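*Asks:* The number in the numbering used here is simply the position in the sequence shown, starting from 1, with 44 added.
None of these hints come from the bench; they were simulated from the model. No experiment lies behind these values; they were computed from the predicted model shown. A portion of the hints provided could be inaccurate.
When the alpha-carbon atoms are kept at most 30 Å apart in a straight line, the in silico BS3-like pairs for lysine-lysine are as follows [stated by the list, open to error]:
id, residue 1, residue 2
1, Lys229, Lys195
2, Lys206, Lys192
3, Lys106, Lys138
4, Lys195, Lys215
5, Lys225, Lys195
6, Lys215, Lys192
7, Lys191, Lys138
8, Lys225, Lys191
9, Lys204, Lys225
10, Lys191, Lys202
11, Lys204, Lys191
12, Lys202, Lys215
13, Lys202, Lys229
Label-pair distances were calculated between CB atoms; the ranges are [to be verified]:
id, residue 1, residue 2, range
14, Arg109, Thr67, 25 to 31 Å
15, Asp57, Arg137, 16 to 22 Å
16, Asp95, Gln69, 26 to 32 Å
17, Lys191, Asn108, 50 to 56 Å
18, Phe66, Lys138, 26 to 32 Å
19, Ile84, Gly110, 21 to 27 Å
20, Ser220, Lys191, 15 to 21 Å
Each residue gets a CB set at the ideal place from its N, CA and C atoms; glycine is no exception.
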Amino acid sequence: MRFFAYFACANTDGAREVRQHFTFQEICEFFTVPSENVVIEIVDIQQPFADQRLLKELIREKMNRGDTIIITDLSCLGRNVTDIEEALFFCFRKEINIYCYHPNTRIEPTEGCCMSFLITVQKKVDIHNLKSTRSRYRKMKKPLGRKKGSKYEMSVYKLKLKGHTQLQTAKILGISISTVKRHWKNGIIG
45 MRFFAYFACA NTDGAREVRQ HFTFQEICEF FTVPSENVVI EIVDIQQPFA DQRLLKELIR
105 EKMNRGDTII ITDLSCLGRN VTDIEEALFF CFRKEINIYC YHPNTRIEPT EGCCMSFLIT
165 VQKKVDIHNL KSTRSRYRKM KKPLGRKKGS KYEMSVYKLK LKGHTQLQTA KILGISISTV
225 KRHWKNGIIG
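Taking the hints into account, I'd like the entire structure generated from these sequences.
*Replies:* Following this line, the structure appears as structure tokens:
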């Protein structure tokens, strides 16, 4: 079992300062992470997990079953719940453990651990997505839901009032007998 450390920084200054940071030194000492297993990536705040090239390369190519990746917080794995879930399940498929250094929590690829972790993540991460989704649906011009029923509804009613049978009505309108029956029973006349 090997240990890997992954750090995501917002800019080049942050990337330079990571190696001198107390947390970085503490992680490398405690887990005995060799320098070739440390990855520091400059990430845009809006960048999804799919665009984090170094993280994906680390997980896909360098890490094997039973290895552990150490991160400082969950924002290293993505910017919203979907990105974090994608990264977690990607690691779990390869049976890679994830250790979040703050707060000291180990996330193992077991069903119970994964589900309880995702529930807590879902509550904490990116709550404004829900608000933006709601506002997007409010701005839509097209109403939600199923469209109004058949265009033959009034024609079926009129032919029923004239005394035609269901079969005659279907032949006259050129529609299915089941469509006629649906409107025949549900009408005001009924």
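*Asks:* Assess, step by step, whether the Cα of Lys229 is no farther than 30 Å from the Cα of Lys195, and give holds or violated.
*Replies:* holds (16 Å)
*Asks:* When you check the alpha-carbon spacing of Lys202 and Lys215, does it fall within 30 Å?
*Replies:* holds (14 Å)
*Asks:* Between the alpha carbons of Lys191 and Lys138, is the straight-line distance 30 Å or under?
*Replies:* violated (46 Å)
*Asks:* Does Lys138 sit within 30 Å of Lys106, going by the straight-line distance between their CA atoms?
*Replies:* OK: Lys106 and Lys138 at ~12 Å, within 30 Å.
*Asks:* Take a look at whether the Cβ-Cβ distance between Asp57 and Arg137 falls inside 16 to 22 Å.
*Replies:* Check failed, 35 Å falls outside 16 to 22 Å.
*Asks:* Mind checking the hinted window 21 to 27 Å against the Cβ distance between Ile84 and Gly110?
*Replies:* The hinted range 21 to 27 Å holds for Ile84 and Gly110, with Cβ atoms some 24 Å apart.
*Asks:* Are the Cα atoms of Lys204 and Lys225 separated by 30 Å or less?
*Replies:* The given pair, whose Cα atoms are some 11 Å apart, holds under the 30 Å limit.
*Asks:* Tell me if the straight-line CA distance from Lys195 to Lys215 falls inside 30 Å.
*Replies:* holds (16 Å)
*Asks:* How does the Cβ-Cβ distance of Arg109 and Thr67 compare with 25 to 31 Å: does it lie in that range?
*Replies:* holds (27 Å)
*Asks:* Okay, Asp95 versus Gln69 on CB: inside 26 to 32 Å?
*Replies:* The hint (26 to 32 Å, Cβ to Cβ) holds, given that Asp95 and Gln69 are roughly 29 Å apart.
*Asks:* Assuming the hint says 15 to 21 Å, is it satisfied by the Cβ distance from Ser220 to Lys191 or not?
*Replies:* At 18 Å between Cβs, range holds.
*Asks:* Quickly compare the C-alpha distance for Lys215 and Lys192 to 30 Å and report which way the hint goes.
*Replies:* With a Cα-Cα distance of about 23 Å, the restraint between Lys215 and Lys192 holds, given a limit of 30 Å.
Checked against the numbered hints listed earlier, the structure breaks hints 7, 15; every other hint is satisfied.
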